[in-house]
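Enquirer: Chains as they are written, first to last, in our numbering: chain A, 1 to 476; chain B, 1 to 476; chain C, 1 to 476; chain D, 1 to 476.
For the record, the hints were derived by calculation from the structure and aren't laboratory data. Misleading hints may appear alongside valid ones.
[Unchecked claim] The following label-pair restraints were derived from C-beta to C-beta distances:
id, chain 1, residue 1, chain 2, residue 2, range
1, A, E319, D, D144, 50 to 58 Å
2, D, R257, C, H311, 41 to 49 Å
3, A, L225, D, E58, 51 to 59 Å
4, C, T394, D, R221, 48 to 56 Å
5, D, A47, C, R323, 23 to 31 Å
6, A, D406, C, D61, 30 to 38 Å
[Unchecked claim] Here are the simulated DSS-like pairs of lysine-lysine, each with C-alpha atoms no more than 25 Å apart in a straight line:
id, chain 1, residue 1, chain 2, residue 2
7, C, K207, D, K229
8, D, K360, C, K332
9, B, K56, C, K56
10, B, K332, A, K332
Beta carbons: idealized from backbone N, C-alpha and C, even for Gly.
4 protein chains.
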Amino acid sequence: MCGIFGIANHPEAARMTYLGLYALQHRGQESAGISSSDGEQVYTHKARGLVADIFKEETLDRLKGSNAVGHTRYSTAGGNLEGNAQPIVVKYVACARGAVALCHNGNLINAGSLRMELARQGAVFQSTSDSEIVLHLLARSQSDDLLSALGEMLPQIQGAFSLLLLTEDALIGVRDANGFRPLCLGQLGDSYVLASESCAFDLIGAKYLREVEPGEVVVIRGSQLQSVKALHAEPRLSKCIFEHVYFARRDSMVFGRTVQSSRDRMGRALAEESPADADIVVPIPDSAVAAAVGYSQQSGIPLAFGLMRNHYVGRTFIEPESRIRNFGAKVKYNPVRELLAGKRVVLVDDSIVRGTTTRKLVKMVRNAGAAEVHMRVSCPPTISPCFYGVDTPTKKELIASSHTIDEICRYIQADSLAYLSLEGLLNAVQSGPGEFCTACYTGRYPLNLADALPNMKEEDEGRQLDLWEVALKETV
Amino acid sequence: MCGIFGIANHPEAARMTYLGLYALQHRGQESAGISSSDGEQVYTHKARGLVADIFKEETLDRLKGSNAVGHTRYSTAGGNLEGNAQPIVVKYVACARGAVALCHNGNLINAGSLRMELARQGAVFQSTSDSEIVLHLLARSQSDDLLSALGEMLPQIQGAFSLLLLTEDALIGVRDANGFRPLCLGQLGDSYVLASESCAFDLIGAKYLREVEPGEVVVIRGSQLQSVKALHAEPRLSKCIFEHVYFARRDSMVFGRTVQSSRDRMGRALAEESPADADIVVPIPDSAVAAAVGYSQQSGIPLAFGLMRNHYVGRTFIEPESRIRNFGAKVKYNPVRELLAGKRVVLVDDSIVRGTTTRKLVKMVRNAGAAEVHMRVSCPPTISPCFYGVDTPTKKELIASSHTIDEICRYIQADSLAYLSLEGLLNAVQSGPGEFCTACYTGRYPLNLADALPNMKEEDEGRQLDLWEVALKETV
Amino acid sequence: MCGIFGIANHPEAARMTYLGLYALQHRGQESAGISSSDGEQVYTHKARGLVADIFKEETLDRLKGSNAVGHTRYSTAGGNLEGNAQPIVVKYVACARGAVALCHNGNLINAGSLRMELARQGAVFQSTSDSEIVLHLLARSQSDDLLSALGEMLPQIQGAFSLLLLTEDALIGVRDANGFRPLCLGQLGDSYVLASESCAFDLIGAKYLREVEPGEVVVIRGSQLQSVKALHAEPRLSKCIFEHVYFARRDSMVFGRTVQSSRDRMGRALAEESPADADIVVPIPDSAVAAAVGYSQQSGIPLAFGLMRNHYVGRTFIEPESRIRNFGAKVKYNPVRELLAGKRVVLVDDSIVRGTTTRKLVKMVRNAGAAEVHMRVSCPPTISPCFYGVDTPTKKELIASSHTIDEICRYIQADSLAYLSLEGLLNAVQSGPGEFCTACYTGRYPLNLADALPNMKEEDEGRQLDLWEVALKETV
Amino acid sequence: MCGIFGIANHPEAARMTYLGLYALQHRGQESAGISSSDGEQVYTHKARGLVADIFKEETLDRLKGSNAVGHTRYSTAGGNLEGNAQPIVVKYVACARGAVALCHNGNLINAGSLRMELARQGAVFQSTSDSEIVLHLLARSQSDDLLSALGEMLPQIQGAFSLLLLTEDALIGVRDANGFRPLCLGQLGDSYVLASESCAFDLIGAKYLREVEPGEVVVIRGSQLQSVKALHAEPRLSKCIFEHVYFARRDSMVFGRTVQSSRDRMGRALAEESPADADIVVPIPDSAVAAAVGYSQQSGIPLAFGLMRNHYVGRTFIEPESRIRNFGAKVKYNPVRELLAGKRVVLVDDSIVRGTTTRKLVKMVRNAGAAEVHMRVSCPPTISPCFYGVDTPTKKELIASSHTIDEICRYIQADSLAYLSLEGLLNAVQSGPGEFCTACYTGRYPLNLADALPNMKEEDEGRQLDLWEVALKETV
């Protein structure tokens with residue numbers, strides 16, 4: 001997961017991008033970067049860490065020009081972390097007549113075979129990232145027109161991608177034909193703005209216009225925007241439903257609808273489908289609050305903020321050597337005894353992945369005196385990993401992939417456990433027919449993953465096995 | 001404002017202190033420090049920044065020994081910031097037979113005259129902090145017993161102080177006779193623990209025992225605790241009511257009662273005293289959430305999280321040069337249009353200081369489509385500055401010191417405005433007679449401030465004038 | 001100018017490389033880097049600054065494996081400095097069956113046309129450095145054998161290059177057919193070592209074996225070394241005479257002979273060719289000391305260290321705003337009045353480039369009381385820029401390119417000025433016929449520079465004009 | 001050992017001090033600091049590291065005002081290093097009517113008893129440094145005139161001290177009555193300048209005026225200098241002869257005479273006293289070069305720079321785990337084989353302390369092919385530690401304290417060994433009768449050290465024993 005932002009024709013392009021990334025910080029805390037262009041050169045600064053730590057006045061001053069793009073990157077488990085920060089910048093691409101900076105949100109499933117073929121032809125790779133492939137394909141085009149080159153390149157890549165490209169004189173936004181990942185278009189005076197979520201527009205005072213459409217390419221030069229249908233949008237789209245369940249900020253527009261409303265409806269539907277005889281509804285803060293409010297209002301059971309979240313959690317937190325019970329959960333959450341003591345609690349969360357954290361939280365709530373704990377999850381059981389850009393563990397690690405709801409309930413030691421139904425979820429996000437990808441809940445993948453097989457890095461064995469399994473079955 | 005933490009007789013004293021400070025991070029983000037002692041030497045590390053950034057594995061490894069104290073410091077406006085970080089350490093104090101480290105939460109009101117007198121006698125000051133005076137007074141004692149020296153020193157200092165002292169072989173906790181600032185005593189196995197708030201105990205798994213009493217000194221050596229009544233507790237105490245209104249963490253015990261319950265009662269009382277004909281109750285996150293929940297439940301008006309808080313706000317945020325409307329508020333909050341549009345909103349906050357932020361938030365809520373905005377504040381109007389350790393602006397800057405509620409309502413452009421009554425607040429915190437200091441709401445100060453007059457630094461002119469005014473009136 | 005070092009088959013390959021770079025620090029202080037390989041992966045760390053500052057214990061620990069290469073880079077005037085640090089690493093090159101790290105000392109004169117052609121074919125460039133081109137050419141080879149691929153690549157690049165390549169299982173050293181830049185081969189137990197100068201061998205206790213020959217490729221796997229004549233050595237070689245005049249360390253073997261002896265002979269020949277009626281011989285420290293000793297011993301005029309060099313000169317030295325006479329020279333040198341006062345001084349330096357520094361030093365010596373200053377330079381006048389890797393200013397800036405020795409003497413305000421003759425210099429370095437490149441003193445360039453014309457970066461205008469001029473004349 | 005610098009009445013006082021410290025960097029590389037004053041406040045910046053690394057443009061900009069003092073500190077073995085950086089600053093001293101910053105070069109021998117007495121009286125110590133005591137004594141004065149207070153304080157401290165004091169409106173220089181450590185007075189336009197050595201004046205273009213006399217206090221306000229004889233100069237002075245032997249820069253005036261000339265005379269006298277039948281004279285660079293030149297010129301044996309010094313030695317140099325022969329010496333020096341091979345070598349150094357380094361260097365020279373190695377030292381054998389500010393090892397560690405010259409010669413494996421005689425040394429520095437302290441060569445200490453006994457820190461056991469021994473004997 002990542003956040004991307006771009007702006008054209010603005011006197012403070014780099015600063016606006018800084019603010020945009022700041023608003024998109026929740027989409028990635030590992031690294032961030034900005035590239036800007038003044039019509040003659042592309043300037044870049046990227047580093048590990050949070051946006052507010054990486055950029056200083058002087059750094060932004062060096063990022064000259066009126067066009068800029070930026071990227072925030074989610075924490076990944078391994079690999080050469082420094083080399084993976086974006087934007088990826090190349091000094092010269094013929095069809096762009098100069099330098100190009102690229103920001104990518106998503107995951108190319110045929111990265112492996114493309115990479116192998118490119119290497120065979122003599123391409124030289126600087127990173128192991130799939131995003132770099134996009135630039136190699138573009139550079140190989142014999143067309144001297146960027147738009148034609150994009151038209152040649154795009155059909156070759158498969159998977160999930162919302163892309164921003166910054167050339168010396170243009171800003172380009174691209175969204176894959178399935179529409180996996182979001183990309184919004186906005187306006188600020190004479191400037192067009194592109195961002196993963198609309199909350200980035202709010203901070204800089206830009207107006208939300210619309211989504212970039214699946215398969216659409218928008219080319220922005222100065223104050224002019226040109227739209228091209230570069231790829232035929234798939235008849236069945238694959239918008240990532242997890243953006244509405246968990247990932248996006250509650251105050252954003254994503255895929256043309258507001259996340260807050262979706263989560264409220266998830267909570268309400270969950271209350272209808274799976275009521276509980278309880279005294280209070282307690283959300284796991286912060287992401288499950290909206291669904292918990294919906295649950296509370298539908299059920300009439302009062303809301304209580306029985307878990308307190310610590311907002312100063314740093315990434316290099318030092319653990320004590322002596323054993324402190326449930327330390328990991330305690331660093332993040334503290335129970336509020338007064339609210340929980342003696343109460344029958346509906347605990348609302350937006351997912352159960354491995355089950356270990358949920359188990360600790362249930363215990364924490366019980367130790368604080370709760371009489372009963374009824375776990376409610378605002379989406380269906382997560383049974384399959386994502387291959388389109390969400391950082392999920394392997395299938396084996398997903399507790400729901402191999403356990404019944406009863407078994408999970410016993411494992412997390414709750415008094416009851418219920419998930420929102422798939423139908424309930426699709427209604428909550430007001431999905432049109434075939435509009436959303438629900439592979440993580442159904443195991444039905446919208447793209448043929450057989451091609452993806454040889455592509456994975458060898459170290460990534462768990463994920464390889466997942467893919468084998470998927471590839472042997474039918475896809476959607 | 002500051003947070004303090006101490007632990008004795010623990011094999012990982014410095015790490016436990018690190019965790020304790022981490023839990024008390026909300027009490028101060030400017031700087032932090034830890035001193036530890038192994039019976040022979042005192043080790044110290046302190047720096048500007050957040051606890052998680054300041055301390056690394058190797059830093060903690062160097063803080064040897066089984067006793068430790070720590071301090072987090074609130075942002076202050078000026079002065080030699082680096083020199084003000086605590087613990088303050090001196091290499092040799094005769095009565096302690098070695099080095100002493102001091103952590104201080106509070107404010108001495110006779111610091112100026114003490115300082116002048118000490119300088120006259122040849123004392124050499126390293127900082128402009130009032131806390132350093134405590135160590136000079138202690139050092140001057142001709143007693144060679146630390147407890148006796150404390151007994152000589154304490155009556156000389158006036159004002160608000162919860163102190164932790166670390167000597168080479170003991171941990172000492174002190175609380176002033178008025179009990180202005182909190183100090184809790186806890187236990188973890190064979191270790192006694194002292195902390196500003198009980199949430200620090202929760203993180204390390206320690207048990208809350210009781211408050212250190214006003215005027216009490218506790219001396220901890222190994223697993224033994226000795227309690228001494230060093231100062232006569234005042235018949236009328238002066239516990240800081242603002243701890244319950246705003247400062248302390250909701251999940252803490254402070255002054256022997258839970259903050260969450262106090263805030264819930266404030267919200268309920270506010271709803272009773274000042275109902276509103278509205279559709280939703282919206283808290284200013286995060287501190288006003290508990291009061292808003294109380295208001296919602298008492299009034300039956302549903303709660304809606306119509307303002308989203310950005311939790312990645314860094315301290316060196318770079319502003320754009322171009323004007324973005326209400327930028328300051330936007331960096332911190334974003335309205336959730338879906339929840340606010342067309343609604344009559346009760347906006348709940350826990351204080352209005354200058355009024356400028358409130359004015360921006362009301363506007364933000366209105367711009368997001370709210371039909372009406374009814375402002376409700378969970379305490380009385382703040383009319384007087386604090387001289388006992390809370391960082392308030394000068395009287396002139398406090399909007400309620402010179403404006404009626406109607407005038408404030410017009411200034412913040414709300415449809416209505418109401419504050420909780422003083423009586424309502426005292427009931428909410430379950431105050432015994434004369435238990436709390438309410439000077440910020442009443443202008444009646446529990447200590448004779450006339451002595452404080454010549455003490456203030458000259459630069460601090462606004463505050464000087466406030467003190468003149470107060471000193472000319474009667475004190476409580 | 002740069003320093004390069006490589007070692008194979010050593011349990012502490014990265015640490016040995018660190019020591020090697022440390023000994024080669026004089027060849028470049030801008031940036032440094034090391035890549036190591038453990039047979040499966042290539043690890044890299046590079047940064048701006050000095051070797052001792054860049055590498056820490058933990059950095060070296062992460063550079064695993066028994067093969068390693070390293071690079072120190074000379075300060076360059078502009079460009080994207082961070083991107084220019086070496087080794088340059090690519091993740092996958094087909095003929096190497098994995099990652100490759102490259103270190104390059106020298107300058108490719110046909111870089112521009114190669115780059116243009118590669119970009120036309122779709123190559124994606126990460127830097128503006130000519131060194132990156134080597135990897136692209138290698139990657140493009142359809143041979144799946146690294147040695148064959150090198151055999152295809154090498155004839156395509158023209159200019160000066162000593163290269164080290166690290167693959168996942170081999171260390172490779174390459175030297176161009178003219179032998180412009182040095183590359184020494186050494187042995188340390190079962191390990192072969194390669195370095196720009198033999199002083200790097202001394203530090204780690206390795207034995208100097210021989211030079212890598214012009215046109216030779218050495219491939220080292222484990223303890224085995226394979227030598228291949230990949231390029232026909234030119235009948236007229238072009239070893240850089242400036243290495244012996246100034247650049248290399250006095251205690252090194254370079255081009256199979258010792259620098260100390262060469263410089264001593266330069267000084268002696270200079271004394272014979274251009275004696276002076278003087279009292280003392282004063283070297284400009286540190287590089288001219290050896291020549292001055294030779295001059296003193298040949299002439300019988302006693303040596304005096306009349307200029308003191310400050311060895312703590314940092315790179316970010318802050319100048320005062322007020323004018324201090326000859327400040328720039330003073331930061332680096334201070335005259336020793338006792339030695340200079342009343343004396344007729346022979347001042348010995350190893351080059352006069354722009355003349356401005358020499359002028360300041362002559363003045364400094366005179367102000368310290370010298371009666372006469374006779375300037376002696378241990379090489380001929382520098383009249384032409386270098387296009388083979390030495391960082392010289394443009395022709396216009398070289399004072400000797402447009403002024404007679406008399407004019408220069410008047411400009412630097414010396415009482416007399418003499419340079420060593422070309423013949424004297426060639427004798428001093430014991431040059432065989434056609435062994436050394438003397439283009440900087442003669443303007444006769446060993447390679448046809450006409451090809452170089454379209455290659456230069458546009459910003460580099462001064463150098464462009466130099467090349468035009470050279471190209472219009474005959475080359476050697 | 002330390003370097004100190006001060007300037008008054010200069011618009012760029014802090015920058016001039018920065019330059020001065022830069023020139024005095026050889027007197028201390030552990031830490032450095034500057035305090036400046038603008039008549040109202042004292043500003044300070046100090047840190048570990050080299051001057052050029054510690055101070056940036058912005059740091060210097062913050063050091064406002066026209067008076068400033070600075071300090072560079074020599075590496076010390078242990079203790080709380082950060083707390084020991086100077087200037088030491090206190091916020092308020094009555095007799096100075098404000099803040100005071102102190103820089104101290106030297107060592108107080110009665111620090112321990114003063115400290116004990118001050119602590120008994122209630123003084124609070126921030127550091128373990130003896131320099132802090134000066135400020136406490138000053139603060140205790142009941143005089144409200146700084147000069148009178150100095151007059152009270154100075155007789156109480158015993159030992160070696162050159163002091164600079166910066167108050168809000170004055171710059172003060174003080175030198176002890178024995179004149180142990182140097183302090184020079186200079187002039188730059190309307191500004192007076194004070195520095196440990198005159199090389200600091202040269203860099204900023206200031207004129208050397210004279211030494212501050214033993215026992216003299218100079219008070220500089222604006223462009224006015226007032227001189228007071230605060231202490232009676234001892235009839236027998238105790239100028240540190242080691243400044244001329246090794247410590248000061250060769251291009252400096254120290255104690256009113258030039259170091260270069262002294263060292264030249266030492267070398268000549270050594271050649272006369274202890275000739276050698278040899279082919280070349282080789283100095284240990286850099287400090288022994290001047291003496292070696294003298295030796296060479298007196299003896300007629302040619303000088304050869306047979307050892308090359310590495311000037312990039314960092315303080316955190318990482319050693320390899322595998323054993324490299326004589327690694328420690330190799331990192332610092334490399335032999336130049338061409339010069340040494342087959343030669344009978346006179347190796348000149350300026351001291352032999354423990355003998356271990358000399359032994360390595362002799363071996364290194366022999367391994368490089370020297371036929372014979374004759375060691376010559378330009379001072380007498382070092383037999384006693386210094387208690388007046390030079391960082392020497394304990395008596396037991398000084399090889400000459402317990403071994404004859406023959407034994408030392410065998411230990412270092414030289415063919416012959418000779419030291420300069422005491423008489424030769426005193427002549428070389430042109431000492432008047434009783435002008436220099438030669439305790440390190442004679443064991444006769446100019447101050448009664450009996451008082452010093454209880455003062456030493458307990459950890460410093462070796463030094464304690466040395467003092468016992470000395471105290472039991474007669475002093476000079």
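Enquirer: Now, for every hint given, state plainly whether the structure supports it.
Expert: Verification of the hints:
Separation of E319 of chain A from D144 of chain D is about 57 Å and conforms to the stated range, judged on CB atoms against 50 to 58 Å. Taking 41 to 49 Å as the suggested C-beta distance range, the pair R257 of chain D and H311 of chain C does not conform, at roughly 24 Å. For L225 of chain A and E58 of chain D, the hinted distance range of 51 to 59 Å is not satisfied, since their beta carbons lie about 43 Å from each other. Hint check: T394 of chain C to R221 of chain D, Cβ distance near 53 Å, so the stated range 48 to 56 Å holds.
A47 of chain D and R323 of chain C have their C-beta atoms about 29 Å apart, which keeps the hinted 23 to 31 Å range intact. Our hint of 30 to 38 Å for D406 of chain A and D61 of chain C is violated, since their Cβ atoms are close to 49 Å apart. Under the criterion of a C-alpha separation no larger than 25 Å, the hint pairing K207 of chain C with K229 of chain D is inconsistent with the structure, at around 65 Å. Distance restraint check for K360 of chain D and K332 of chain C: the Cα-Cα separation of roughly 31 Å exceeds the 25 Å cut-off, and the hinted pair is therefore not satisfied.
Between K56 of chain B and K56 of chain C the alpha-carbon distance is near 17 Å, which keeps this suggested pair within the 25 Å criterion. Proposed proximity of K332 of chain B and K332 of chain A is supported: the alpha carbons are some 21 Å apart, at most 25 Å.
Violated hints for the displayed structure, listed by number in ascending order: 2, 3, 6, 7 and 8.
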